[in-house]
Every structure is written in structure tokens, then in C-alpha cells.
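**Student:** Sequence:
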Amino acid sequence: MARLSIPAIIATASILLSVAARACPALIEGVPADRIKALSRGVSADGWIVDPRSAPPRSLLLELRKAGLTHIRLPVPADFVMPRFAAKAEIDSRLQTVDAALKALLALGYAVSIDLHSGRDFNALHKDDPAGAMAEMKSAWTALARVMERYPFDRVFAELLNEPEVDATQWQREVRELAGFIRQLLPQTTLITGPVNWQRADSLPGFTPLDDPNVVYAIHFYDPMVFTHQAHWDSNEPLHDVVGLPYPARAGDPRVQQLREQLTALNKPRALAMVDRAIPGRGIDQWLEPAAAWQRQYSRPIIINEFGVLKASAPRDSRLRWLAGVTAYARQQCWGWTHWELSQGFGLADSSTGKADRDVLRALLGTH
60 MARLSIPAII ATASILLSVA ARACPALIEG VPADRIKALS RGVSADGWIV DPRSAPPRSL
120 LLELRKAGLT HIRLPVPADF VMPRFAAKAE IDSRLQTVDA ALKALLALGY AVSIDLHSGR
180 DFNALHKDDP AGAMAEMKSA WTALARVMER YPFDRVFAEL LNEPEVDATQ WQREVRELAG
240 FIRQLLPQTT LITGPVNWQR ADSLPGFTPL DDPNVVYAIH FYDPMVFTHQ AHWDSNEPLH
300 DVVGLPYPAR AGDPRVQQLR EQLTALNKPR ALAMVDRAIP GRGIDQWLEP AAAWQRQYSR
360 PIIINEFGVL KASAPRDSRL RWLAGVTAYA RQQCWGWTHW ELSQGFGLAD SSTGKADRDV
420 LRALLGTH
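Under our numbering, read the sequence shown as residues 60 to 427, first letter to last.
Just so you know, the hints here were simulated from the structure itself, not pulled from any lab data.
Label pairs and their calculated CB-CB ranges:
no. : residue 1 : residue 2 : range
1   : Gln155    : Gly413    : 19 to 27 Å
2   : Leu121    : Arg209    : 17 to 25 Å
3   : Asp271    : Asp187    : 26 to 34 Å
4   : Thr201    : Leu424    : 35 to 43 Å
5   : Glu208    : Pro84     : 30 to 38 Å
6   : Pro84     : Phe212    : 23 to 31 Å
7   : Arg205    : Gly342    : 40 to 48 Å
8   : Arg417    : Arg314    : 18 to 26 Å
9   : Arg314    : Thr228    : 40 to 48 Å
Okay, derived cross-link-like pairs now, DSBU-like style, lysine-lysine, Cα gap no bigger than 30 Å in a straight line:
no. : residue 1 : residue 2
10  : Lys125    : Lys96
11  : Lys414    : Lys162
12  : Lys414    : Lys125
13  : Lys96     : Lys162
14  : Lys125    : Lys370
15  : Lys162    : Lys125
16  : Lys370    : Lys414
17  : Lys186    : Lys197
By construction, the Cβ of each residue, glycine as well, lies at the ideal position given by its N, Cα and C atoms.
With the hints as constraints, model all of the structure from the sequences given.
**Tutor:** The following block contains the structure:
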């Protein structure tokens with residue numbers, strides 16, 4: 060199969076979207092336009108707070124800023140900043156790292172969202188002891204707010220909790236309480252939140268927006284997962300056995316036929332079923348339409364706050380095509396986006412050079 064040029068991939072991605080470009084949807088007043096613009100093109104700097112030695116080099120951050128990225132999402136592991144799971148000295152050290160990261164990123168001209176990123180210990184508590192989990196979230200945000208209030212409130216945003224792993228009814232009740240609590244700490248800060256079930260687009264219709272107008276609603280997008288998570292790191296996961304699946308997956312594609320033959324020979328029926336479900340599959344616009352419908356109903360701003368493709372085994376042209384398609388759709392809807400992530404398995408940095416992968420940047424930004 061001939062390798063497509065980057066302009067061809069971007070053009071193809073646009074053709075794959077069945078919706079026509081349209082004007083930005085009307086939104087309620089609440090989130091200032093400059094903040095929506097600041098959230099328009101971003102990347103998650105995962106791992107920075109876990110280990111400050113893994114902080115991205117300034118040269119990479121500067122390169123991305125010059126290319127047009129506007130926003131860095133900074134995941135802060137919940138288990139690292141909650142008294143139940145970490146000692147005070149450990150929490151203080153993490154907060155110092157957050158402070159240093161904010162200082163560095165704001166100096167480069169980025170907007171930053173502080174993402175309270177749920178982890179294994181907190182998720183277990185959240186399910187078993189909701190009241191205890193709420194106390195820990197409030198404690199974490201009290202500490203984070205003390206750091207954030209040192210910086211301009213129109214450049215630093217608060218993401219309440221990444222991918223809450225509880226049922227929708229519980230989270231709907233909790234998110235109102237938590238948002239109200241944070242609003243008292245950070246009166247003018249834009250908040251970011253989203254639904255349960257991995258913050259999927261099709262979970263947003265079951266989520267009622269907050270009364271607070273200064274909130275952006277975040278969805279995550281990794282569909283079809285058999286493509287985006289192929290060669291999964293967990294060898295017990297069926298996705299681990301899927302390698303080289305193109306996007307879009309078409310039954311007549313020799314790569315798809317070869318993969319099906321391999322999975323059949325290896326007796327991997329679960330992985331084979333996942334591949335077959337992706338043929339011919341829905342388009343990006345169809346996966347994301349539930350969120351667009353929700354926005355038409357409620358007129359609230361949306362950001363695709365996580366999306367990406369594990370790059371180890373996905374065909375490069377397909378990865379670029381999928382990334383270009385996601386951001387093309389976001390631009391059509393006037394949504395922001397934040398690529399997951401910077402330098403690891405999904406990363407937009409080239410692992411051999413440490414610099415940005417220029418083809419990935421062009422796909423994301425829709426430039427030639």
C-alpha cells in the first residue's frame with residue numbers, strides 16, 4: 060500500500076468526516092472566550108508530577124508552543140496529594156513540583172489545567188467509601204488551590220477528577236458538591252469536568268451540566284479501541300494480540316486479512332471478535348455525535364481532553380489519519396483538544412530524538 064503524504068492524510072481525514080463544517084455553536088455566557096481559545100490545542104504532560112526528573116525538556120515545550128500548542132494538561136496523581144495515601148512531607152514535595160511546573164509552563168506562554176488524576180487506591184476508596192473519598196478530594200483541592208492562587212486565574216484551570224470510576228448517579232451528586240467547594244477556594248477559575256464511564260462521548264448525554272457557568276466539559280476519545288490500543292501493554296488483555304490494524308479497518312484490506320489469519324491461527328477469538336467489530340465500523344463523527352447533541356441541548360463548551368493512539372504497533376499512516384480526523388472534527392465543532400500524551404507510549408515526541416514528531420504535529424494541527 061502506498062504511503063500517503065501528510066497533506067493527503069489530512070485531506071483524507073476531512074473526507075472521512077461526514078459532517079460539513081459549520082459555525083461555532085452558540086454557548087451560554089460563563090467561560091471567557093480567551094480561556095476557550097487557550098484550551099484549543101493541548102497535550103498532557105503525564106509523569107511530570109510522578110517524577111520531576113521526567114519533566115519534558117524546555118526545548119520540546121518551546122518547540123510545541125511555537126508550533127501552535129496553547130495548553131498543557133498536568134496530571135496530578137490523586138494518591139500523591141491525599142492525606143490518606145501520602146505523608147505530609149510527600150504531599151508538600153508533590154505540591155512544590157506542581158508549583159515549579161506551573162512557573163515553567165506559564166513562562167513559556169501556556170495555559171495549564173491541573174488534573175486531579177484518580178489512581179488505584181483512590182478509586183477503591185471512591186467506590187467503597189464515598190464520604191471518605193469526598194473528604195480526600197476536598198483536602199487535595201485545598202492544597203492544590205493554595206498553589207494555583209499564586210498564578211493568574213485566567214491561565215490556570217482546575218480539572219475536578221479524571222475518569223471517576225463510580226456510577227453516574229453518585230458522580231452527579233458529588234460533582235456538584237466538589238465544584239461548589241472548589242469555587243469557594245478559586246472564585247474566578249474555570250473548572251473542567253466530565254461524565255463517568257471513562258468520560259466517553261456517549262456518556263455525556265447522561266450528565267447534567269452544573270449550575271456554575273464557568274465550566275468546560277471534558278470527554279475522552281479512543282474509539283475504536285481495537286485500533287487505538289492495539290499491542291496493549293497488558294499481555295492478558297485481548298488488545299495485546301492485535302498488531303498492525305489499520306484505520307479505517309476494511310475487510311478487503313490485505314493488512315486486515317493478514318491480521319485476521321494470524322489471530323485465527325493463534326486461537327485468539329476475543330481479539331478476532333474485536334477486529335471484526337471494527338469492520339466497517341463507525342466514523343469519528345458518529346462516535347462523537349452524542350457529545351455534539353449534548354452541546355446543542357445545553358450550550359456548554361466541550362473539550363476532547365484525552366485522545367491518542369499507542370504508537371508501537373499501529374500503522375503510522377493510520378495513526379496520523381486518525382489523529383487528523385479527531386482534531387478536524389473538534390475544529391468543526393469549535394471544541395478544544397488535548398492529545399494524550401507527550402513522551403510515552405502515545406506520545407507526540409519522537410522517542411529517538413526527543414523532539415516533536417513533525418508529522419504528528421501537522422496531523423493534529425491540520426497544517427501541510
